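J.: Given only the sequences and the hints, what does the whole structure look like? Please build it.
Residue numbers (our numbering), protein chains in the order written: chain A, 1 to 320; chain V, 1 to 527.
Treat the hints with care, as some may be off.
Said to hold, decoys possible - Covered stretches of chain V, going by a simulated chain A footprint (3 or more residues, C-beta under 8 Å):
#1 67-80
#2 349-359
#3 469-481
#4 508-514
Said to hold, decoys possible - Derived PhoX-like pairs (lysine-lysine); straight-line CA-CA distance at most 20 Å:
#5 V:Lys43 to V:Lys30
#6 A:Lys226 to A:Lys3
#7 A:Lys112 to V:Lys448
#8 V:Lys202 to A:Lys102
#9 V:Lys69 to V:Lys233
Claimed, not checked - Across the chosen pairs, the derived CB separations fall in these ranges:
#10 A:Ala27 to V:Asn99: 50 to 56 Å
#11 V:Val10 to A:Ile13: 25 to 31 Å
#12 A:Glu106 to V:Val379: 51 to 57 Å
#13 A:Ser124 to V:Arg203: 19 to 25 Å
#14 A:Gly120 to V:Arg203: 22 to 28 Å
#15 V:Pro308 to A:Asp66: 16 to 22 Å
#16 V:Val379 to A:Asp87: 44 to 50 Å
#17 V:Ala65 to A:Glu106: 16 to 22 Å
Just so you know, the hints here were simulated from the structure itself, not pulled from any lab data. It should be emphasised that the depicted structure is a prediction, and the values quoted were computed from it without experimental measurement. Glycine residues also receive a C-beta, built at the ideal position from the N, C-alpha and C atoms.
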Amino acid sequence: MYKIKLVPANTKIPFLKYRFMAFALSALLIVGSAIMFFGPGLNKGIDFEGGILIEVQFPEAPDLGDMRDSLGGLGLGGVALQTFGADDDILIRVQRQPGAAKAQEEAVTLVKSQLESDHGTEISYRRVEFVGPTVSEELVMAAIEAVTVAVFAILVYIWFRFEWHYSVGAIIALVHDVILTIGMFAVTGIEFNLASVAAILTIVGYSINDTVVVYDRIRENFRRFKKMPVAELINFSINETLSRTTMTSLTTLLALLALYIFGGEVIRGFAMAMIFGVIVGTYSSIFVAAPVLLQIGLTHRNEEEDGFKGAEKQGEAEAD
Amino acid sequence: MISFPTWKIVVVLLVCAFGVLYTLPNFVSKSSLEGLPEWLPTKQVNLGLDLQGGSHLLLQVDSEAVTLKMMDSLVDAVRDSLRQQGDNIGYRDLKHEDNVVSFTLRELADEEQARERLSVLSNIMPNGQRDTVISFGGDGVVTLTPSDQSMAARLSSAVDQSIEIVRRRIDETGVNEPSIQRQGTDRILVQLPGVDDPDRIKRLLGETAQMTFHLVDIAASSAPGDRVPPGSKRLPSIDEEGLSYVIKNRVMVSGENLEDAQATFQQGQPVVSIRFDGLGAKQFGRATTDNVGRPFAIVLDNEVVSAPRINEPILGGSAVISGGFNVQGAQDLALLLRAGALPAPLDILEERSVGPDLGADSIAAGKVAGIIGIIAVAVFMIASYGLFGVVANVALAMNMFLIMAVLSLLGATLTLPGIAGIVLTIGMAVDANVLIFERIREELRTGKTPFNAVESGFSRAFTTIIDANVTTGIAAVILFVMGSGPVKGFAVTLLIGIISSMFTAIMLSRMLITWWMLRKRPKTMEV
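T.: Right, dumping it as structure tokens:
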């Protein structure tokens with residue numbers, strides 16, 4: 001039976017030879033992300049910005065221009081309209097109203113009654129959401145806290161299981177992935193909301209998963225090949241795990257692609273972020289996380305002094 | 001020699017049977033579940049509001065109003081204890097400011113007596129501290145400062161009381177299975193399944209509904225802008241713009257003494273019939289007997305609903321409030337009066353309402369994405385690993401069963417991000433198998449026999465699988481602990497997925513492969 005092999009056996013791709021190119025590319029992308037983040041910024045959803053979101057289904061596709069004029073005349077400040085998956089499905093976003101929670105609530109009522117007077121009562125509200133200013137500030141803080149705590153907890157775990165160089169390398173790769181994903185949000189203008197934070201945290205989990213698999217092999221090979229130069233050893237390990245790295249990325253991407261195409265409009269932004277994150281996470285495991293170990297000076301001696309922490313089991317398996 | 005102990009087989013089969021059994025109720029309608037024998041599992045996955053449609057409201061108790069009320073009543077209490085019949089202690093400047101009540105004694109000589117009388121206002125709390133600190137400045141200035149703990153306790157009890165009232169009001173509207181929970185110190189999370197337009201409920205929750213009955217101050221001019229005599233106040237009419245009444249501050253009867261309220265009709269007009277409890281009836285009877293011929297005002301949340309004339313003493317404890325209501329207005333007022341008054345106003349901080357169509361669309365889309373995702377991954381796995389791919393797919397399918405079973409059993413709530421989590425798990429679930437198969441491939445390439453290759457493939461992939469999944473699990477746990485609402489739902493499915501994928505890869509796949517190896521005893525093998 002013929003089997004697909006994404007990566008041929010025993011590849012000897014000199015990944016480490018290109019490491020400075022990869023570092024340069026990553027640095028460029030990070031700087032770009034930072035510029036996009038601080039310049040145009042994120043398209044923050046109401047979770048983080050506060051404000052009102054109403055998704056309305058009309059009996060037939062309405063004229064967005066007329067609707068914009070009509071709702072814009074209510075004195076509620078910025079009103080953004082967009083079709084959402086279908087021509088008759090409109091997403092209305094109204095900026096946060098000055099004043100307390102009550103003001104948001106009144107604005108919702110105002111928009112609803114205007115829509116009903118313009119389009120009759122045949123319209124159906126698919127979603128009505130508003131988030132008051134205090135809540136959105138808390139959500140921002142909670143999101144930042146969650147990402148920070150997650151990264152820190154993972155750092156501690158890797159430190160505990162591996163030599164400290166790995167911990168540093170993994171965090172560099174992680175921060176790299178998070179920054180690029182945030183940059184992607186800024187570049188594409190995909191709404192940044194609570195689901196996006198969940199996406200980033202999942203990317204953190206996925207990326208670290210990928211990195212750990214490569215690290216695991218590097219640690220094992222340090223024990224097997226006591227005389228092999230570190231650069232060669234790292235490169236060899238990347239090649240050994242390359243088949244697995246690409247297989248897992250592909251199966252995950254297949255599932256995410258199904259989600260992106262068929263999962264519905266609400267989840268599309270989330271799926272997009274994840275797809276990007278998986279690609280970046282795979283890239284960073286190979287081109288950032290592993291080469292960084294060499295750059296920050298991991299040597300055979302580090303590993304020996306550390307007693308090949310965590311690698312015992314494989315060492316024994318080797319003996320039979 | 002390769003082997004798979006019997007106890008492990010039993011464990012694997014039991015877990016798989018559990019997975020299938022506890023997933024099945026989700027494919028059966030609620031009504032037929034009731035007909036099943038009791039020993040069968042009947043729990044279904046709860047659908048979140050974003051999937052079944054419904055409304056989520058985050059309310060905040062107005063803590064400033066609670067504090068204000070507390071300080072007002074402290075001022076009243078101070079006044080009451082200083083002014084006792086026949087034995088007044090002279091004071092001036094009784095007021096509260098920045099959560100401190102202060103006044104000045106007219107005669108310094110009264111200090112001892114004041115100290116004694118006020119002492120009832122300062123009680124020792126369970127933690128050994130006083131709830132109100134009273135201090136005498138020596139120059140006649142006396143201050144009463146409630147401790148932070150007693151303020152917090154007051155707020156907390158106001159929140160508890162609000163939850164109770166909110167629950168009663170919502171129950172009166174007939175919403176099915178509402179969930180009303182406290183969140184943080186001063187917030188209440190209300191979830192209303194099946195309610196996609198919560199306007200009426202929001203309106204009902206927006207009223208504190210404190211009702212009081214006062215005499216109208218007929219001596220004062222009712223023209224706006226005129227001076228209001230002490231002991232009276234001016235309140236606007238609830239329905240007539242610009243009209244206001246001057247009423248006596250003293251409360252004749254309060255809404256707390258209401259026993260029942262119903263919307264009825266009187267001369268074709270919707271009205272609210274009320275009935276007082278024993279104490280209320282007595283107070284109302286006395287007040288109406290003493291004031292025949294004079295108007296009294298029915299005040300709701302500092303607005304005058306109506307100010308009828310007392311034609312005769314009302315002794316039966318029943319009365320009728322007419323105030324130009326429409327039918328809905330009369331029903332709502334009756335409901336609010338029955339449910340009782342909120343101790344403080346509620347603000348709506350956050351609302352998320354999803355219509356039933358969108359929820360159904362999301363479920364349908366999620367199912368399609370899930371099925372297509374599974375098929376795509378399954379085909380790809382068979383194309384890459386052949387027979388071993390089939391094993392991985394069996395593990396994948398079992399994985400889905402286990403996730404659904406655990407979600408059902410925990411009564412966890414499946415949200416849209418939760419569905420996304422499951423679909424994502426499909427992709428990541430095969431990872432553990434991929435790690436093992438790739439390892440077996442490598443071992444085979446080093447010239448090992450199939451048995452040895454499988455054996456060491458599993459054992460060597462094991463640490464990698466643990467390390468890789470624990471790190472992802474850490475991210476999921478943190479999402480669960482720190483995330484809110486939908487994010488939590490996503491974290492739950494992701495976490496269950498990680499655990500069940502490790503189980504299926506390490507135990508189930510291994511068992512299947514061992515069986516196959518023992519039957520076929522292959523001399524050569526290709527993965």
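J.: Hints broken by the structure, by number, lowest first?
T.: 1, 4, 6, 7, 11, 15 and 16
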